[in-house]
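Chain residues, written in single-letter form:
Protein chains: 2
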Amino acid sequence: MSDSFKVALAGLGTVGGGVAKLLTEQRDVLLKRCGRPIELIAAADKNQARFDELGLPSSVGRFDDAREMAEKTSADVIIELIGGANGIAYDICLTALKRGKGFITANKAMIAHHGNDLAALAEEKGVFFGYEAAVAGGIPIIKSLREGLIGNKISEIYGILNGTCNYILTVMRETGKPFDVVLAEAQKLGYAEADPSFDIDGIDTAHKTCILGALAFGMPISLDMMSIEGIRFISDADIAFAEELGFRIKLLGVGRRYENGVSLNVYPCMIPQTAEIAHVDGVFNAVITEGDFVGHSMFVGRGAGERPTASAVVADIADAVMHRGSPVLSVANKEVKQLPVVPLSEREGEYYVRFDVCDRSGVVADISRILGDENVSIASMLQRERAAGDFVPLIMTFHKSKESSVLSALKKIEHLECVVNKPCMIRIERL
Amino acid sequence: MSDSFKVALAGLGTVGGGVAKLLTEQRDVLLKRCGRPIELIAAADKNQARFDELGLPSSVGRFDDAREMAEKTSADVIIELIGGANGIAYDICLTALKRGKGFITANKAMIAHHGNDLAALAEEKGVFFGYEAAVAGGIPIIKSLREGLIGNKISEIYGILNGTCNYILTVMRETGKPFDVVLAEAQKLGYAEADPSFDIDGIDTAHKTCILGALAFGMPISLDMMSIEGIRFISDADIAFAEELGFRIKLLGVGRRYENGVSLNVYPCMIPQTAEIAHVDGVFNAVITEGDFVGHSMFVGRGAGERPTASAVVADIADAVMHRGSPVLSVANKEVKQLPVVPLSEREGEYYVRFDVCDRSGVVADISRILGDENVSIASMLQRERAAGDFVPLIMTFHKSKESSVLSALKKIEHLECVVNKPCMIRIERL
Numbered sequence: 048m049s050d051s052f053k054v055a056l057a058g059l060g061t062v063g064g065g066v067a068k069l070l071t072e073q074r075d076v077l078l079k080r081c082g083r084p085i086e087l088i089a090a091a092d093k094n095q096a097r098f099d100e101l102g103l104p105s106s107v108g109r110f111d112d113a114r115e116m117a118e119k120t121s122a123d124v125i126i127e128l129i130g131g132a133n134g135i136a137y138d139i140c141l142t143a144l145k146r147g148k149g150f151i152t153a154n155k156a157m158i159a160h161h162g163n164d165l166a167a168l169a170e171e172k173g174v175f176f177g178y179e180a181a182v183a184g185g186i187p188i189i190k191s192l193r194e195g196l197i198g199n200k201i202s203e204i205y206g207i208l209n210g211t212c213n214y215i216l217t218v219m220r221e222t223g224k225p226f227d228v229v230l231a232e233a234q235k236l237g238y239a240e241a242d243p244s245f246d247i248d249g250i251d252t253a254h255k256t257c258i259l260g261a262l263a264f265g266m267p268i269s270l271d272m273m274s275i276e277g278i279r280f281i282s283d284a285d286i287a288f289a290e291e292l293g294f295r296i297k298l299l300g301v302g303r304r305y306e307n308g309v310s311l312n313v314y315p316c317m318i319p320q321t322a323e324i325a326h327v328d329g330v331f332n333a334v335i336t337e338g339d340f341v342g343h344s345m346f347v348g349r350g351a352g353e354r355p356t357a358s359a360v361v362a363d364i365a366d367a368v369m370h371r372g373s374p375v376l377s378v379a380n381k382e383v384k385q386l387p388v389v390p391l392s393e394r395e396g397e398y399y400v401r402f403d404v405c406d407r408s409g410v411v412a413d414i415s416r417i418l419g420d421e422n423v424s425i426a427s428m429l430q431r432e433r434a435a436g437d438f439v440p441l442i443m444t445f446h447k448s449k450e451s452s453v454l455s456a457l458k459k460i461e462h463l464e465c466v467v468n469k470p471c472m473i474r475i476e477r478l
Numbered sequence: 048m049s050d051s052f053k054v055a056l057a058g059l060g061t062v063g064g065g066v067a068k069l070l071t072e073q074r075d076v077l078l079k080r081c082g083r084p085i086e087l088i089a090a091a092d093k094n095q096a097r098f099d100e101l102g103l104p105s106s107v108g109r110f111d112d113a114r115e116m117a118e119k120t121s122a123d124v125i126i127e128l129i130g131g132a133n134g135i136a137y138d139i140c141l142t143a144l145k146r147g148k149g150f151i152t153a154n155k156a157m158i159a160h161h162g163n164d165l166a167a168l169a170e171e172k173g174v175f176f177g178y179e180a181a182v183a184g185g186i187p188i189i190k191s192l193r194e195g196l197i198g199n200k201i202s203e204i205y206g207i208l209n210g211t212c213n214y215i216l217t218v219m220r221e222t223g224k225p226f227d228v229v230l231a232e233a234q235k236l237g238y239a240e241a242d243p244s245f246d247i248d249g250i251d252t253a254h255k256t257c258i259l260g261a262l263a264f265g266m267p268i269s270l271d272m273m274s275i276e277g278i279r280f281i282s283d284a285d286i287a288f289a290e291e292l293g294f295r296i297k298l299l300g301v302g303r304r305y306e307n308g309v310s311l312n313v314y315p316c317m318i319p320q321t322a323e324i325a326h327v328d329g330v331f332n333a334v335i336t337e338g339d340f341v342g343h344s345m346f347v348g349r350g351a352g353e354r355p356t357a358s359a360v361v362a363d364i365a366d367a368v369m370h371r372g373s374p375v376l377s378v379a380n381k382e383v384k385q386l387p388v389v390p391l392s393e394r395e396g397e398y399y400v401r402f403d404v405c406d407r408s409g410v411v412a413d414i415s416r417i418l419g420d421e422n423v424s425i426a427s428m429l430q431r432e433r434a435a436g437d438f439v440p441l442i443m444t445f446h447k448s449k450e451s452s453v454l455s456a457l458k459k460i461e462h463l464e465c466v467v468n469k470p471c472m473i474r475i476e477r478l
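The listed protein sequences derive, respectively, from chains A and B.
The first sequence begins at 48 in the working numbering and counts up one residue at a time.
The second sequence begins at 48 in the working numbering and counts up one residue at a time.
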């Protein structure tokens, strides 16, 4: 195979194994589509048993040290599927780029933390740099943003970007079970990690959101500018009230371009049940974009897992084979411009709030007065008859209001004697 | 602008005007993203007033004859936005390719009828050939199939591909009005043509479906293999019953790969309301694919109109500028293989049927007996009390059955004395 395109694979874990399988199973179809065979010439994994488990032929050079492989391999492209923002992954990325090799990764943490510098280095070296698999798994969203929607200024981008959170929220809705119970079940099923914080506190979604935001708005990748809320505080009561009010709760990465800057944040949202994205359930991911020419677009697919992620990695390999290149961050590095950050407190939008209150007369009047003082106007209110317990939930939605006013009102309301817990606020997004 | 990429535009109608506007309005952002200016150096339209209406500068060469422009222009790429399977559009396509110029079109009829030959010619001449705008308007589905999902064998592809039909079906559901009334209103609003047949009889959807089928399955574009049903026979009663049974009616292009071949057809479907695509309403388009690695994916966006279609045309221009090429039909022409056609009569699936019957005892028994004889088993039945009129609708859904058996049973049932009209059959697809 003298004209083969040669790849080296660092990491034979779940995704690395998927890539090895895909390259084998789809060898014929990839050859027809790319016009050249893709040949796995080397792989690296500390667990040498993986080579045999995956049935890799003896022609695949075996390394236990990925750094050594990156330094020695004659591959055209090095594929990093080890993970982690720093450490080995980062080292072999630098080695690959400095050696003038193409580089492909599924590593969102590394791109979120070092993407700007790596993009600069890749551009300087003139090498292929692919990270389609880093955001929304099998959805070709990086390609769609950089190429398919290239004629558009993107004003808004929303994403369901973490399958664990979406799975938990979906099961909570379907079963009525509380967060802790569903999380524990998800952990047993392997849908959530033993330490779930990275997923359920929104960090993973933030990594992906800041990458999408950079591509959509032509700015550097910036985790620091983001406000990040996870789903720990979502109760089964909120899920049920959402349903009753015609909403679904989804954890979204939200990017918006304003006249005076951009905002990029992660928070759970109430989304109307009539929106398509409200029906993206379980481990699926979705990205919605608003472009000035194309209008509203949505992309849905599996966000993680061996095979969907391998699909995205191999799309990058094919681009490298076919010499289909794009600027790493959608524009040349000298054109990447930091934009002013509009903080989340400037958000003008609708809100859902659950107050846990004593069932005593005057509570609604007290709360309403404080809201009125802050110019927050109530759109709807819902209170059930008292159940067993010390308090009743009082649900309100607010008309379009400024977030800083809502927060200021909620702070005052929290201190009312009759308000038992911190009010639970969920932003409403009409997608 | 010595290093500019030069384009010539044939047709300054709605979409051509959109492309001219996009190239002007987004000049700066396109330059940042492509690294080279894109320059409109010539345009052709019989209506010379369009040049001034669109404010085209004097640097744009004015032609009233698109054929002449195609023969003379020094542009790198000729963009055809005139339409029609033959005639001028086809002529200038041949001229462009023979002259070694890149060619970009939004013309699904021409691709559906001549795509195989044009792909061969483009490959022979080694020129860029783009038709992203020909299918599903602003959705980058050609790119996603050829590049983003390149690592997958696609087993199924479904599309809502005609905005006119989707708009009519959506309004019928929202208002309860009958087909004819909604069609007339759509015509008044400009959402349907004076002669609506091309849209509502499924021809337009078929053009797009056979293009998607070719890309998904690696076979030639073949309109002839398709069975095509439109939406004329969908009654307001069917829309209402669909809703009651938990379905929505959508006109779909449906492609399936079986072990023994492929099927590619157009028909209205009942889709569960829980499916995301059931919520793709109005003039929006959607494409669903099932890939063996990536699994289920969905792409949603505006399917037509000046600006979304211009977005797709310009994505092709950018690919040409950046030398991002793909085989026209996703594989090199010598690899394009006709696959055996599995006729629609072989379909194994669920069905909805509305019988208009006299309200007389024994009717259900007669119908059930015929269905049983054909091994078609009833999944659910619905009959309302008799309203004013000579007949009552009797609704049945069938468990998974072979289409030929269903059709054979319906033919016999149609001849029962108590069955007033031809039974209305709508396939159920669980996406």
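Simulated from the structure, these hints should not be mistaken for laboratory data.
Careful: at least some of the hints might be erroneous.
Chain copies aren't distinguished; within one or between two, either way the pair holds.
[Unchecked claim] Straight line, CA to CA, 20 angstroms or less: simulated EDC-like cross-link-like pairs of lysine to aspartate or glutamate:
id: 1; residue 1: Lys449; residue 2: Glu461
id: 2; residue 1: Lys447; residue 2: Glu72
id: 3; residue 1: Lys449; residue 2: Glu395
id: 4; residue 1: Lys447; residue 2: Glu421
id: 5; residue 1: Lys68; residue 2: Glu100
id: 6; residue 1: Lys79; residue 2: Asp111
id: 7; residue 1: Lys384; residue 2: Asp164
id: 8; residue 1: Lys200; residue 2: Asp75
id: 9; residue 1: Lys172; residue 2: Glu290
id: 10; residue 1: Lys200; residue 2: Glu421
Structure versus earlier hints - violations, ascending order: 2, 6, 9 and 10
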